[in-house]
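Letter by letter, the chains look like this.
Protein chains: 4
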Amino acid sequence: MHYARIRGLGVVCITYGVGALKVINTTAQAYAEKSPVVIISGAPGLKEQLRNPLLHHKVRDFDTQKKIFDQITVASTILSDPQTAAFEIDRLLSAALRFKRPIYIELPRDVVSTSIMGHYRHPLDIRESEHSDPDALKEATVEATDMINAAKRPVIIAGEEVHRFELQDKLLALIDRTQIPVAATILSKSVISELHPLFIGIYEGAVGQEKARQYVESSDCLIILGASLSDITLGMFTAQIDQKKTIYISAEKISVRYHHYDNIDIRDFIHALVDANIARRDNSTSSSSSSSPTTLTNERLAIASTVPRCTHGKNISVKYVFEYLNSCLTDDMIVLADAGDALFAGADLIMHRKTKFLSPAYYASLGFAVPASIGAQLADQTLRPLVIVGDGAFQMTGMELSTAIRYDLNPIVVVLNNGIYLTEQLMLEGPFNNLQPRQYAKIPQVIGGGRGFLVETEDQFNNAISEALNFRNAFSILDVHLNQNDRSPALDRLTKNIAKRFHHSSN
Amino acid sequence: MHYARIRGLGVVCITYGVGALKVINTTAQAYAEKSPVVIISGAPGLKEQLRNPLLHHKVRDFDTQKKIFDQITVASTILSDPQTAAFEIDRLLSAALRFKRPIYIELPRDVVSTSIMGHYRHPLDIRESEHSDPDALKEATVEATDMINAAKRPVIIAGEEVHRFELQDKLLALIDRTQIPVAATILSKSVISELHPLFIGIYEGAVGQEKARQYVESSDCLIILGASLSDITLGMFTAQIDQKKTIYISAEKISVRYHHYDNIDIRDFIHALVDANIARRDNSTSSSSSSSPTTLTNERLAIASTVPRCTHGKNISVKYVFEYLNSCLTDDMIVLADAGDALFAGADLIMHRKTKFLSPAYYASLGFAVPASIGAQLADQTLRPLVIVGDGAFQMTGMELSTAIRYDLNPIVVVLNNGIYLTEQLMLEGPFNNLQPRQYAKIPQVIGGGRGFLVETEDQFNNAISEALNFRNAFSILDVHLNQNDRSPALDRLTKNIAKRFHHSSN
Amino acid sequence: MHYARIRGLGVVCITYGVGALKVINTTAQAYAEKSPVVIISGAPGLKEQLRNPLLHHKVRDFDTQKKIFDQITVASTILSDPQTAAFEIDRLLSAALRFKRPIYIELPRDVVSTSIMGHYRHPLDIRESEHSDPDALKEATVEATDMINAAKRPVIIAGEEVHRFELQDKLLALIDRTQIPVAATILSKSVISELHPLFIGIYEGAVGQEKARQYVESSDCLIILGASLSDITLGMFTAQIDQKKTIYISAEKISVRYHHYDNIDIRDFIHALVDANIARRDNSTSSSSSSSPTTLTNERLAIASTVPRCTHGKNISVKYVFEYLNSCLTDDMIVLADAGDALFAGADLIMHRKTKFLSPAYYASLGFAVPASIGAQLADQTLRPLVIVGDGAFQMTGMELSTAIRYDLNPIVVVLNNGIYLTEQLMLEGPFNNLQPRQYAKIPQVIGGGRGFLVETEDQFNNAISEALNFRNAFSILDVHLNQNDRSPALDRLTKNIAKRFHHSSN
Amino acid sequence: MHYARIRGLGVVCITYGVGALKVINTTAQAYAEKSPVVIISGAPGLKEQLRNPLLHHKVRDFDTQKKIFDQITVASTILSDPQTAAFEIDRLLSAALRFKRPIYIELPRDVVSTSIMGHYRHPLDIRESEHSDPDALKEATVEATDMINAAKRPVIIAGEEVHRFELQDKLLALIDRTQIPVAATILSKSVISELHPLFIGIYEGAVGQEKARQYVESSDCLIILGASLSDITLGMFTAQIDQKKTIYISAEKISVRYHHYDNIDIRDFIHALVDANIARRDNSTSSSSSSSPTTLTNERLAIASTVPRCTHGKNISVKYVFEYLNSCLTDDMIVLADAGDALFAGADLIMHRKTKFLSPAYYASLGFAVPASIGAQLADQTLRPLVIVGDGAFQMTGMELSTAIRYDLNPIVVVLNNGIYLTEQLMLEGPFNNLQPRQYAKIPQVIGGGRGFLVETEDQFNNAISEALNFRNAFSILDVHLNQNDRSPALDRLTKNIAKRFHHSSN
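Residue numbers (this note's numbering), protein chains in the order written: chain A, 1 to 507; chain B, 508 to 1014; chain C, 1015 to 1521; chain D, 1522 to 2028.
Just so you know, these hints were derived from the structure itself, not from any lab.
Quick caveat, the model's predicted, so the values are computed rather than measured.
Each residue gets a CB set at the ideal place from its N, CA and C atoms; glycine is no exception.
Treat the hints with caution; some may be incorrect.
[Claimed, not checked] Lysine-lysine pairs mimicking DSSO-like chemistry, simulated, CA-CA at most 30 angstroms apart:
no.: 1; chain 1: B; residue 1: K752; chain 2: A; residue 2: K47
no.: 2; chain 1: C; residue 1: K1258; chain 2: B; residue 2: K752
no.: 3; chain 1: C; residue 1: K1259; chain 2: B; residue 2: K760
no.: 4; chain 1: D; residue 1: K2021; chain 2: D; residue 2: K1963
no.: 5; chain 1: C; residue 1: K1510; chain 2: D; residue 2: K1765
no.: 6; chain 1: C; residue 1: K1152; chain 2: B; residue 2: K751
no.: 7; chain 1: C; residue 1: K1061; chain 2: D; residue 2: K1765
no.: 8; chain 1: B; residue 1: K574; chain 2: A; residue 2: K67
no.: 9; chain 1: D; residue 1: K1774; chain 2: A; residue 2: K244
no.: 10; chain 1: C; residue 1: K1061; chain 2: C; residue 2: K1152
no.: 11; chain 1: A; residue 1: K138; chain 2: D; residue 2: K1543
no.: 12; chain 1: C; residue 1: K1267; chain 2: A; residue 2: K47
[What the hints assert, rightly or not] Calculated from the model, a selection of chain C residues having no Cβ within reach of chain B, i.e. all distances over 12 angstroms:
no.: 13; residue: I1103
no.: 14; residue: L1106
no.: 15; residue: E1157
no.: 16; residue: N1312
[Stated by the list, open to error] One-sided excerpt, in silico: chain C residues whose CB lies under 8 angstroms from chain B:
no.: 17; residue: H1145
no.: 18; residue: D1147
no.: 19; residue: A1150
no.: 20; residue: E1153
no.: 21; residue: A1154
no.: 22; residue: K1259
no.: 23; residue: Y1275
no.: 24; residue: D1279
no.: 25; residue: D1282
Use the sequences and the hints to build the structure in full.
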């Protein structure tokens, strides 16, 4: 999935039944967070299906598996007919590329070597059916341009679709031409360099960065550009977005205030905005303000260049971990933050030009980050992954580090080890939140590669990070022992807001 | 699932989305192999679903998850209405108990504390709708009795439904009254003590035990009692079963030769057979025969009491592992064999009275055994689990041993470590079958408990087993290094037959 | 539909929407009573469907109509792809011929002149997939033969499937060889000549002919051959059929007592029975009995040759109508009895060799008979239709007689005119049962052809029938005025039994 | 259905199977053209359904009928549970009233007398869920008002939803306040009195009235108010509507130019427009123009008050029929025009204040008008129906006039008798278009009431109409013999356009 996010398309090949049903959750995440993954599953031969009703791996009927994947893909097919196979494959690939979501292709065992018959009636042209209605496009562009030009303090919130539809260069062009400041969401973090002078931060309602919130919520023209508005991106619905002031642009529709345009492709609309007559802003006048983009970027620059003061022997804290990591991030690093405090605190990491930040910020499936680091580095070998993961999430999938060894990959894995499912604990206390302890630093001994570091103090952390950065042969894992009550300010805000919402809705 | 197999019902509680979709494969196995598991999933509140279309964890629509579970359960419900909740719960539990398959109950967050309204209109009586048609039952019983009495060498194949429907005592009663010999299938192995004087072995066509095959296939009256006839239980369709000589008894229907009876409950039919006037056999006359049940049981008794000759320093082999394990099995042990050679070779282990053998013999999902040992010992703490698992399967789920530590369980885990997906390799060679090596004996150091043994020779194996049996505080793990070409005779026969079938059907 | 019953396949071509939805009820009847009808519907062009969402005649979606027909056909298709069209057409025709039920083919307007592409991969061979399992066939034949031979008084009930699957000659062969007496049901009436010496009458439980009932219910071996067991054929469930004594043969399955055989084609089974070693009965010994087949046939012969005594000026009665018609029936006549007393009393008409009797005896849709007479005579122009129809049913479809004029057909239509929905009135009285009177004898003046007769007395009826038989140019219609309380003994028995059942089940 | 159009809700009670499936086409029309009809079908008792799989009238499964109605209703239910019955009935009635479309309620026979249990949890409040989003409503109202005020020649096209949602008074208020001219469609004809000074005619593209077309298509602001845009209302897509100048208001959505508003109830929006600050137009300045509303209304007034010149003995023509009818229409008459030339020519009839015009102008199902006249007069007994129907349509349902006699209704039925399916003939010639002739004027003799008139000349028509208007005891029927080549100018234009479209799309 993460390979797909970086490369634009990913493929997974699986066994019928026992293989396929193990990737359901991952496919669901790819659907929910829009990653175009091609799932190719084997299946019993068509003739065997007729003759032998009880083949092993079969669950119920031979089409049970397809029916399940139908729920979590945008298109699916069984390649049973050589006359239609070419057309079907094209149809499915187009769907994956158009909707940026997974597709499912089932290949019965006895057709693997069959030649495709017939002409290719519909050669793959994924843009074919996406042309915008030119009149609607024109009207919407004019209306949006007028609304932006009439505003005093417009702001852009750039979302994950900017990344999925490869619109990052166009976003930069739009910002450069208009000088409109831009925020990101937690799901789209790093869609733009966070040291860009017009970047104002991660907007997440009352849960996110306070200055970004003030800037966004005091704007008189909010341009939401490809951002899903979920409970998480809206900071547990603490976000104060006034629809009357909003231009909402997504792959599904374009909305201006309370009305909508259909049949406009998001790419066409962004291109049109770049070419439109939007006035260039002069942010210099407001640069004295404490919350001007320039000020905010300068603050981030300061943070990114400040190494926190290290006290020898002092117990390590979440705060120190992220401050120190902030000072170490380099252009060639990609950060993979798993669900939990790794993600919430990770929102405050400052992503340099060319750095990347990947997370399951909407679907929030634990155990995302370690496998993601493998996919990401395989997709782009010039990247060095930095994985930040809680101990709960690591226990689910962390042993995949042996795959990192197999393919000579070298992620740095920081395990935030507090012995507890912290996010859950903050909502409902109980012994079920306790984790069985593991010696994460000893994993290299089991899987025969990598280096492990036990970290209990600030200086140990500095040393471990330093060694890990220098050790490029294989992965490094840092077992960072944290106090169970320690947590990031971001998580603190979030869990309070979740609790508040739950109590309200229960009454 | 394995808890459910031992206790008659199991329950799993899961989070909406990310939790639920991770148990799809396991639920599918429970469906395919008939284990009654109650799946209770949380869900967003009904009101939240209306107001907030984009809650985290949601994949597509709020009912996407239920639609998926509909495919792999016998009944499902969303408890949204307090007036019907009691009725719905009863309906679902009845379905689980009647069909011995999983059910799905979804519980929106905002109804958790709601009181159930209305009268319990249909108190739970799972036998209610299962009464047999008395005339059909009578006719079928008479016909089966006549056919058995007319036969010279009837034989019973007892299947997994005998276990699922708790008919083991009735099976024993039937055998004791009639003295008819009995075989089992690989999926039902241990449904009867394998030291019972009338037990003749595991029947699996040309793939299974040869003497059992001869006995079964030369019988003139085959009583198949609750056994699924899949490609695996039929030894890749090498089984020679003559429908003209067969009485087939299952939860779905009762068949005699080429005709069928509907509306007969399997339990009623077994009860009726026990009470029927079936003649008592005298097997003594044939006891001279080399393949009489008595002879076969004596052979197994000899095997079970023979410790194989141990050569100091001699490389360990699959054959030695199983011969030695056979000599160690005691009444309080339960064997959990994962898919692969662990299962196929495991078929030759001799299960004593009260011992158990659990395997994914139909669904064949790798990674079954370690988690199953935890469920099994939790279900019955008097049991000591013996897990036999290949290295490929262990890499999928073996780290669950930390859960064994958490609950003070003490399985003995024998890892058959040959560095390769052997079963796959025998079908199609290639580097994708190679496994990344791990030091399984060092896992106790990572998860903080248990004992590890590195085993390369026969004497090391004897010592390790001996120590593991004496060490009862926590799990033991034996990393048994095998030659990559080593395999059990059973696997050899199986893969040859799979290959043969595949080549035939491709032509 | 009636054309299809006589010719083996019928076709109806209809307009999309307003045409198609008007034949739903008729298609449903064809499904319920097994008539193979090909429904070909036009549809908007595929391209128009894309471009123009609101074409006239469209109800909801463009596939709404197909979804409706899916419910009442055994197979359906939209011919949208020239590559698969040939295969699809073959598939559908096979289904119609195999299951004797309707199919639905939709033809978009813009593909009408498209050439079919590709090879005919599956040439039409409707017998291909119907071969019986030879072992099951053999076992079932032996078992049935033994059971019949062991019986003292076996009897056959021949049903409508004998007609639909063209097994009438085989039935005759079976009877001739074995001399087993045969009954029919009200739905299969005339499946065998009712003057055949072994025919014993229409069996319909307590509602049908008493002597037939006695014969059937005292039999010790009941061979039900292709008869649907519905509430009507079972005489509102007054039939006393003992499953222990029954061999039940149908297109769906073969049952003997309480067990069933799958995978036996009804045709193969009848052929096998004809060739089997079933003993020839000697019915002469019992010919003295008052209810021997010979006696019963002689009684029918007497009835069929007796002209009832006509009293000049005496008001006509239902009893007289049918007695007189019985004396007029000739070999070239086909009787079409509509639902209501026409059908129930019609059961007592004696069908000669080669005569036919068609009715909606299961689906019981009023208004069947007049249109059916047109289809029947078009299918076989050597037949002369005799339509017996109540005034209620006639008001629904009787004006179709103008179609009879158009195609030079000459049915004789006897309208049983009592001014009321009599069958309904007997169940629940009320003014809604009253019919608005019409002057049926004047219809020829409106539609410009045919002859009308007003009949109030016995002599008028004799004269009218006589003139109608001689007038062969066009239809004749007899408006037979009956007393509202007059009814046939058969209807009397039926409505009493319906009322009894309704009261029981309501308590 | 027509009762429902006049009264706001209609009910039909039907027998299971044979009754229900005969109203499929009518229900489909009610769905397509938005008439709220409640269909109540009986069904076998729930217990009978379990016990007796083969009850007469059943087609396939017991739920087959419901599945069919699911396709052509907005909601359906089976009242099987007394605990939920009250809620279900409310839910369905709300759906019918909200969407103005049919619903389906199935009532098993054995629950008819069951008492409803439980509280009425959701008392019927059909407005409950329809409140508009106030912000969207406000924005849309302001935008529409601005657009209308900025236009020079705005015009309203009032459609059938104005009638279905009972917005006729509001429409009048809007026109009176703003003096904006108004057109209707052929489906909404008579939604406003056609003598209203601001009414400009029926707009139907190139197929409709030319002056109305000019007026509408030269407008710079088109307010489409509740009109379906189908191929027929758009004059076979000859209508030239410029979306850039259009405000489109419907029950589904509100659109302005190329954008849309969701969540605005059509009623709220019309109310808001009436109260909005829309400028009052002064049409007097343009009254000199030949196509001003005043001029057009004066033309219609002239037509409506001109009796065409009658030539004694001259063959009657379509043109004369409609001109003469125009001069006879009075305020208490309702015109029911069947599909075909009756409808197309009928578009030119001038509907006075309070008169009505009902037609199947979208669904175009032949045979609509005679039954519709019965429903209409039963719904409002102060109306006198004038039915205009072709001979083809009349042959389908005309005998329902006997129902008119039963209920003392007195429609005047004008049969346009040309012996042919004229509309079909114009598209594709062939003998299948010929109709079997009938003597329609003699129908009164058959059904025992009403008066018939044979009309071949203009003077005969005048006399017959005159007598029919004076004869109020029962129906009158005029059999108007037309030349087969005679047709209205409207039909001429229509068929030419259909033919043009078909030829284009075939190429």
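Hints, one by one, checked against the model:
Straight-line distance between C-alpha atoms of K752/B and K47/A comes to about 28 angstroms, which keeps the hinted pair within the 30 angstroms bound. Distance hint between K1258/C and K752/B is fulfilled; the C-alpha atoms sit about 24 angstroms from each other, no more than 30 angstroms. Of the pairs offered as hints, the one joining K1259/C and K760/B holds, with about 22 angstroms between alpha carbons and a cut-off of 30 angstroms not exceeded. Under the criterion of a C-alpha separation no larger than 30 angstroms, the hint pairing K2021/D with K1963/D is inconsistent with the structure, at around 41 angstroms.
Note on K1510/C and K1765/D: the hinted pairing is violated, with a Cα-Cα distance of about 71 angstroms set against a maximum of 30 angstroms. A distance of roughly 11 angstroms separates the Cα atoms of K1152/C and K751/B; the hinted pair therefore holds under the 30 angstroms criterion. Pair hint K1061/C plus K1765/D holds up; C-alpha atoms about 25 angstroms apart against a cutoff of 30 angstroms. Restraint check for K574/B and K67/A: satisfied, since their Cα atoms lie roughly 9 angstroms apart, inside the 30 angstroms limit.
Among the hinted pairs, K1774/D with K244/A is consistent with the structure: their alpha-carbon atoms are about 19 angstroms apart, no more than 30 angstroms. For the hint linking K1061/C to K1152/C, the alpha-carbon distance of about 55 angstroms lies beyond 30 angstroms, and the restraint is violated. This hinted pair does not check out: K138/A and K1543/D have alpha carbons roughly 51 angstroms apart, beyond 30 angstroms. With a C-alpha separation of about 25 angstroms, the suggested pairing of K1267/C with K47/A holds against the 30 angstroms cut-off.
Every Cβ of chain B is farther than 12 angstroms from the Cβ of I1103/C; the closest lies at roughly 30 angstroms, confirming the non-interface assignment. Distance check on L1106/C: its Cβ is at least 29 angstroms (rounded) from any Cβ of chain B, clearing the 12 angstroms threshold; non-interface status holds. The claim that E1157/C lies off the interface is violated: its Cβ sits roughly 8 angstroms from the closest Cβ of chain B, which falls inside the 12 angstroms cut-off. Taking the minimum C-beta to C-beta distance to chain B, about 38 angstroms, the non-interface status of N1312/C holds against the 12 angstroms cut.
Against a cut-off of 8 angstroms between C-beta atoms, the interface hint on H1145/C is violated, since the closest Cβ of chain B lies about 15 angstroms away. With a cut of 8 angstroms, the hint placing D1147/C at the interface with chain B holds, because the nearest CB-to-CB distance is about 7 angstroms. Given hint, A1150/C at the interface with chain B, holds; its Cβ is 4 angstroms from that chain's nearest Cβ, closer than 8 angstroms. Proximity of E1153/C to chain B holds as hinted, the smallest CB-CB distance being about 4 angstroms (cut-off 8 angstroms).
At about 7 angstroms, the closest approach between the beta carbon of A1154/C and any beta carbon in chain B falls short of 8 angstroms, and the interface hint on this residue holds. Hint on K1259/C is violated. Least Cβ distance to chain B is approximately 11 angstroms, over the 8 angstroms limit. Taking 8 angstroms as the C-beta contact cut-off toward chain B, the hint placing Y1275/C at the interface holds, the least distance being around 5 angstroms. With its C-beta approaching chain B no nearer than about 14 angstroms, D1279/C sits outside the 8 angstroms limit, and its interface hint is violated.
At its closest, the beta carbon of D1282/C sits 14 angstroms from a beta carbon of chain B; the interface hint therefore is violated under the 8 angstroms criterion.
Of the numbered hints listed earlier, those contradicted by the structure are 4, 5, 10, 11, 15, 17, 22, 24, 25.
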